[in-house]
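Number of protein chains: 2
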Amino acid sequence: MHAPQSEPIRLAVDAMGGDAGPAPLVEGVAQAIQAGLKAQIVFFGDEAALRPLVAAHPVLSSSEVRHADGVVQMTDNPIQVLRRGQNTSMWAAISALQNGDAEAVVSSGNTGALMAVARKLLRRIEGVDKPAMTALWPTNRGRSVVLDVGANVEANETQLVQFAIMGEAFFRALTGKEKPTIGLLNVGAEELKGHELIRSAARILREADPEMAFQGFVEGNDISGGKVDVVVTDGFTGNIALKTAEGAARLVGGWVKEALMASLNSKLAAFIMRRGLRKLRSRMDPSNANGALLLGLNGVVVKSHGSADAKGVKSAVEMAAGLARKPFREEIAETVRKVNRRAGTGEANDQQLGDVKAAVV
Amino acid sequence: MHAPQSEPIRLAVDAMGGDAGPAPLVEGVAQAIQAGLKAQIVFFGDEAALRPLVAAHPVLSSSEVRHADGVVQMTDNPIQVLRRGQNTSMWAAISALQNGDAEAVVSSGNTGALMAVARKLLRRIEGVDKPAMTALWPTNRGRSVVLDVGANVEANETQLVQFAIMGEAFFRALTGKEKPTIGLLNVGAEELKGHELIRSAARILREADPEMAFQGFVEGNDISGGKVDVVVTDGFTGNIALKTAEGAARLVGGWVKEALMASLNSKLAAFIMRRGLRKLRSRMDPSNANGALLLGLNGVVVKSHGSADAKGVKSAVEMAAGLARKPFREEIAETVRKVNRRAGTGEANDQQLGDVKAAVV
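Chains as they are written, first to last, in numbering that gives the first Met the number 0: chain R, 0 to 360; chain B, 0 to 360.
The shape of chain R in the complex, shown without the other chains (with noise of 0.2 Å):
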């Protein structure tokens, strides 16, 4: 049951986990809410430290401290995190959405451990074989979704095509649009590249789904270039896509910074273009990108990057509430139980051929 629209969003925050402590978290969430979110928010994690941060915004007058002792670290090993992490800010924050205590969490915690935790609490959507880790995407013509970029480090041909299922349902539920388009990402666009795996994959999204705008392969420079708006690979190669360009932008944006401080003329030339280069400045900064959905799971858990700052937490923050009572789970769980359908129904016919062979031999 979904809390009815007018209510404030109930998000628990994992305050504990990222590089910098709770600060950027809690200065984050008052930042959303300062914009206009309206949510309820409990804030999980050590209470001396989180009480006089909380206390700092008056935005912030209505949310919630829980105390949680343990704090997972960034090193620790999510196995470790399974046994005995129960007494964690992360374990606290989950349960609550495990409880309909709450309806989505933000985290900028360990990637693993909180994918471990969520997969142990949550659960997958019914006939989701694994959970998949998205990626927003700077394009030419706004933002594409990538997954999975790193929940797993192999997907065979199932898996890629609930991928494409899971992020076709996501991108909806994060922009409206009714029929995102789909790319398989490859090493090349025409219909024989690539490894068979892949291959097998495309055959299957082209019949599965007819309602599906599934566009083939696509290439890596297909990504920025706004291509789809979904890019489904598997989390080895998502992941490294993702870093690698990551690593291209900044190597050009040093570039960008060296040629505007190289003489006192270029400075005088920065200073007098300085609208643009904010502009430019925005438009490379990583927080606008930051929150990473673990999707495929019973809730909304959306990891936030580590290193973020209190602007990419609070996109993670709005990013968690847009989503809280998004349909997509559903809408997921109905394609996947109607692609296997359709699957399981080819495998009859490829038996019953069997059997009509078998009985002309």
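Any given hint could turn out to be false.
Remember, identical chains collapse to one label, so a pair may be satisfied in a single copy or spanning two.
Unchecked claim - Listed below are the simulated DMTMM-like cross-link pairs for lysine to aspartate or glutamate, each with C-alpha atoms no more than 20 Å apart in a straight line:
1. 278 - 257
2. 226 - 245
3. 226 - 210
4. 192 - 75
5. 256 - 284
6. 176 - 330
7. 37 - 63
8. 178 - 330
9. 129 - 6
10. 226 - 177
11. 178 - 210
Hints are computed from structural coordinates only; laboratory data are not their basis.
Assemble chain B onto chain R, guided by the hints.
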């Protein structure tokens, strides 16, 4: 046998394969010679088209034109080219290398066909499983080499190890650096990250050749960060990483251009800082990174981008000529032999250990 250093390098140029026909090829070669390259050029292709182009450049007066009827099209299937492509300029250029009539080849033609014909005529270096395609990658610290960027879609651990050996020798030949550093591209730097295959390749590399400066795993952002000289990955991941970075750089470049053209003020600023911008433009110019070596074959075949302009062709020609007499192929054969022998010894030890165990039982 290598020709003495003083004699000009004999370079075979497939002048027909590029997207824009022979003009940028001839022009690019002329630019390289103008810039000081000592080379004896043989252009292969349509004589009627080539003669006037070559005649227009006095620096090409001593170059040869050899007629070839056929042209490999970008859409041609490599297998068809292998069967019926003997009359093409691509085939003729690689044949010249095979016959000792040339010391290196440059082609802007169909990559798959070039790889297929080169493999057939030149054969692999002894002990090398699969050839790989290299990319020059601009970084914070200069440039790195990434391989494989698309010669194969899959690579097992032995092949990844061989890519490392080949990339190291290639980087040394290219830059003169005695001990290039090597990293294996993965989703995290920790030893436990990634799938079994890549962890196993890392184990082999750690032990295979103690003289090799293997730095373990690197992540996507480390490529542009210049963390290592040689980044090793399979052709699927490498191709996607390369094109994704190109796309990201183009996106940021477009934003910068937009900022510079946004208003009269910014146009004035662009004029004031024109020198810095010239440097920025040159750094971002893909022509400088043009030239991919088909590494692992008995011969130097450099692939120039299909859409490379004359400046790009110049880079590819200089790379081919620079590599023609470097002993990197001998180094590769020797290191592969050594690593195989060590692996062989390892197996023998395991075998002996097995015998001992069996005897104990």
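Now for the hints, and whether the structure bears them out:
In this assembly of identical chains, the alpha carbons of residue 278 and residue 257 lie at most 20 Å apart whether taken from the same copy (18 Å) or from different copies (10 Å). Within a single copy, residue 226 and residue 245 get their C-alpha atoms as close as 19 Å, and across copies as close as 15 Å, so both meet the 20 Å cut-off. Taking CA atoms no more than 20 Å apart as the test, residue 226 paired with residue 210 passes inside one copy only; the shortest distance there is 19 Å, against 45 Å between copies. Proximity of residue 192 to residue 75 under the C-alpha cut-off of 20 Å is restricted to the inter-copy arrangement: shortest distance 14 Å between copies versus 40 Å within a copy.
Taking the closest pair of Cα atoms, residue 256 and residue 284 come within 20 Å of each other both inside a single copy (14 Å) and across two copies (17 Å). Taking the shortest alpha-carbon separations for residue 176 and residue 330, only the intra-copy value of 14 Å comes in at or below 20 Å, while the best inter-copy value is 56 Å. Within a single copy, residue 37 and residue 63 get their C-alpha atoms as close as 15 Å, which meets the 20 Å cut-off; across copies the closest is 76 Å, which misses it. In this assembly of identical chains, residue 178 and residue 330 lie within 20 Å of each other by CA distance solely inside one copy; the values are 13 Å within and 55 Å between copies.
For a Cα distance limit of 20 Å, the shortest separation of residue 129 from residue 6 qualifies neither inside one copy, at 32 Å, nor across copies, at 62 Å. Taking CA atoms no more than 20 Å apart as the test, residue 226 paired with residue 177 passes inside one copy only; the shortest distance there is 17 Å, against 43 Å between copies. When the C-alpha separation of residue 178 and residue 210 is checked against a cutoff of 20 Å, the pair qualifies only within one copy, where the shortest distance is 8 Å, while the shortest distance between copies is 55 Å.
Hint compliance for this structure: hint 9 alone is broken.
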